[in-house]
Amino acid sequence: MPLLNSPNHFLASLSAQDSELLYPHLKSEQFPQGNVLYGAEDTIERVYFPHTGVISLVVGLTTGQFVEAGMLGRNSVIGAAAPLDGAIALNRAIAQVGSAGMAAETAVLKRLVKESETLRTALVRNDQSASAQTLQVAACNALHELEERLSRWLLQTRDLLRSDTLPLTQEFLSQMLGVQRSSVTLVARKLQEAGLINYRRGRIHVLDVEGLQDSCCECYGAINAHFQRLIGWSPDGKASERKAD
Amino acid sequence: MARVEPAKGFSVARYFFHIKDGADLIKDQEGAELPTAHAARLQALLSARELWADAIRSGKPLGADAVVIADERGGTLTFVPMNEALPKRPSDR
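Taken in sequence, the protein lines are chains A and B.
FYI, the working numbering numbers position 240 of the first sequence as 261, with every residue one higher than the one before it.
FYI, the working numbering numbers position 50 of the second sequence as 538, with every residue one higher than the one before it.
Derived DSS-like pairs (lysine-lysine); straight-line CA-CA distance at most 30 Å:
id, chain 1, residue 1, chain 2, residue 2
1, B, Lys576, B, Lys548
2, B, Lys508, A, Lys211
3, B, Lys515, A, Lys211
4, B, Lys548, B, Lys515
5, B, Lys548, A, Lys211
Listed below are several chain A residues computed to face chain B (Cβ distance under 10 Å; list not exhaustive):
id, residue
6, Glu166
7, Leu167
8, Glu168
9, Gln191
10, Val200
11, Gln201
12, Ser204
13, Leu207
14, Val208
15, Arg210
16, Lys211
17, Tyr220
18, Arg222
19, Gly223
Simulated from the structure, these hints should not be mistaken for lab results.
Every value quoted in this text rests on a predicted model; they were computed, and no experiment measured them.
The C-beta atom is built at its ideal place from N, Cα and C for all residues, glycine as well.
With the rest of the complex left out, here is chain A (with noise of 0.2 Å):
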């Protein structure tokens, strides 16, 4: 199992015939802060397994604003619908912070879901968990308070980068989180007052992590819940065996 070791939950957790099938297909692939990895209704030509980093997927509206709806990294696939007959991408991806990792032809995925019917499955599972957390992350930026939505997503970036230091202005949090930079600056100042964070000019450190998850709303654990279930990673574990129903 040529995969199994890898840092991309999704390589790690092929089965032993799907590792070796994909294996001799995948390439070294980066993407620097704030490169686009494809907008909304491109024809996405490569799918990407990210092992380091955050991509962010945006919806952008004609005034050029653009908010965030999901985040994904390590662990998950970037495009996974492409070689299931779902290559027009819905929306745009960005890489939030820079990310190295591999990548195929979604045309040779396309052809290798042929042969594989568990590589297929993997791959509508992680679309579906894509899908999940786009649908939790639309009832919160609808319902949840600023303080929530931004202590999840310090959360969730912070489990993407295994990392508690995250390099991030303020000007792309609210950006992502669709309000105001005086809105992230208030409720910045009150995590750090609160002990939580310690923010620093593009730089937020994350110092109370129970704290945080006790200050944000339940789509954290829902989130992560959805990726359970359905593609088997947490946060904390290690890669661990793929469910498959």
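Add chain B to chain A, keeping to what the hints say.
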């Protein structure tokens, strides 16, 4: 030949939006580039409106008295008191 005058008040610059809360000044450490001082003022108004909206929706105290606009050297240019951001009644116009 018509002379092209630069737009009045045109001053692409980085503006900082601090939040004054009682004796505290919560500093904007990053700032934002805006084309004019007027755009900076509109930005401050938008910020103030959202701070009100969050406080009203959550029922929590409003943690701001004013949005202070400062330039890159730290000098205060102007400020928007929170009350200025409240919606007007038609009879106030």
